[in-house]
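K.L.:
Each chain, written out:
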Amino acid sequence: MRMSDDRLTTSDEELLVRLGSLLAEVDSVPESVRAAAVASYSWRSPDSELAQLVESMSGAPEVRGDEARLLTFRAESITIEVEVIPVRDRLRIVGQLVPPQPARVQVEQPGSESTVGTEADGLGRFMLDDTAPGPARLVCTLADSAPVCTEWTTL
Amino acid sequence: MSDDDAGRLVRAAANGDQAAWEALVDRYARLVYTVARGFRLDDADVADVSQATWLRLVENLDKLRDPGSVGAWLATTARREALALLRNRWEVPLPEFTRSELMDESQPEPWQRLVAEETDAELWHAYRQLPIRCQELLRLLVFEPVGSYAIAAAALSVPIGSLGPSRARCLATLRSLLNQPAPQRRT
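Residue numbers (my numbering), protein chains in the order written: chain A, 1 to 155; chain Y, 1 to 187.
Worth flagging that the hints you see were computed from the coordinates, not collected in a lab.
Please note that the accuracy of each hint is not assured.
Said to hold, decoys possible - If you only want the chain A side, here are some residues facing chain Y, beta carbon under 10 Å, derived:
#1 Leu23
#2 Val98
#3 Pro100
Said to hold, decoys possible - Quick list of in silico lysine to aspartate or glutamate cross-link-like pairs, EDC-like style, CA-CA up to 16 Å:
#4 Y:Lys63 with A:Glu49
#5 Y:Lys63 with A:Glu151
#6 Y:Lys63 with A:Glu31
To be verified - Footprint (simulated), chain Y over chain A, 3 or more residues, beta carbon under 8 Å:
#7 31-39
#8 44-52
#9 68-81
#10 143-153
Just so it is clear, CB atoms sit at the ideal spot from N, CA and C, and this is done for glycine as well.
Extracted from the complex, chain A is given alone in its bound form (with noise of 0.2 Å):
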């Protein structure tokens, strides 16, 4: 890189410092957006462990209208494959731990006030109804290990 031609002068910078002042008046984060980036921090949870997005895929619009969502997360001792499916304004999930097996699975979301949880049966399937459209994540309390959370997805 040829950073001694990449530097701005003085002027361009002062420039860039006053461009910067007039777009914080156009370009202000409204108060609840800011709140919210700052609550964020409360979800810290530094003893869990994180199963990734894998997948992403809109299928079956043959089958419904609306479309569903398939996710898979995978985590290193568990996987998670949820579908997303729309009902009315808000969104049904239905899941299934691989390998199967029984747990508390919770579905967390910064906007709700309570959290929403259900049990998973000893073939690792859940269901959680009622689910608002927004970010989210799993938590999945198993047996024998540490919970495992799910990344952020906007559902």
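We have chain A; now place chain Y onto it with these hints.
P.N.:
Chain Y alone, transformed into the frame defined by chain A:
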């Protein structure tokens, strides 16, 4: 803020320092918001993209390969979140006119306030005459460190090396527009 400062804030936040987290939000909330707004999303979707971006930073605080480049990381993440949301929500593309209506409604015009301050009004007038591509680029170069290619390249998903000539050209154009007498000045 230098990369070192940004890196320190990320590491402190990773260790539970709430004040460091808020300092990061103060520095970069507008960057994330600006990137999200660049995709002509409505207000609710822009809020979701911003929230999702910050949540992803929370879960990645101790995993960033280069904590000093957290600004570029946030720009990339906001861009990806916006694109993912567009793919999912607007599977059927909206007609162009609907998108621009959405955009225009969410774009406040600071004219009234700014006309009072003449130099700001001139700068704003000149900026708005720039080609859209230049407006987008300069909009991303005002974040600290000012003029940084890394953040702009991440937000626009282009190679860093491609931005040098554009930055010089856009700044030169802005300067020449500023040197012209502002047309139809109102008194």
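K.L.:
Hints first: check each against the structure and report whether it holds.
P.N.:
How the hints compare with the structure:
{"no.": "1", "hint": "Leu23", "result": "holds (6 Å)"}
{"no.": "2", "hint": "Val98", "result": "violated (22 Å)"}
{"no.": "3", "hint": "Pro100", "result": "violated (26 Å)"}
{"no.": "4", "hint": "Y:Lys63 with A:Glu49", "result": "holds (12 Å)"}
{"no.": "5", "hint": "Y:Lys63 with A:Glu151", "result": "holds (13 Å)"}
{"no.": "6", "hint": "Y:Lys63 with A:Glu31", "result": "violated (28 Å)"}
{"no.": "7", "hint": "31-39", "result": "holds (count 6)"}
{"no.": "8", "hint": "44-52", "result": "holds (count 4)"}
{"no.": "9", "hint": "68-81", "result": "violated (count 1)"}
{"no.": "10", "hint": "143-153", "result": "holds (count 4)"}
Of the hints listed earlier, those the structure fails to meet are numbers 2, 3, 6 and 9, in rising order.
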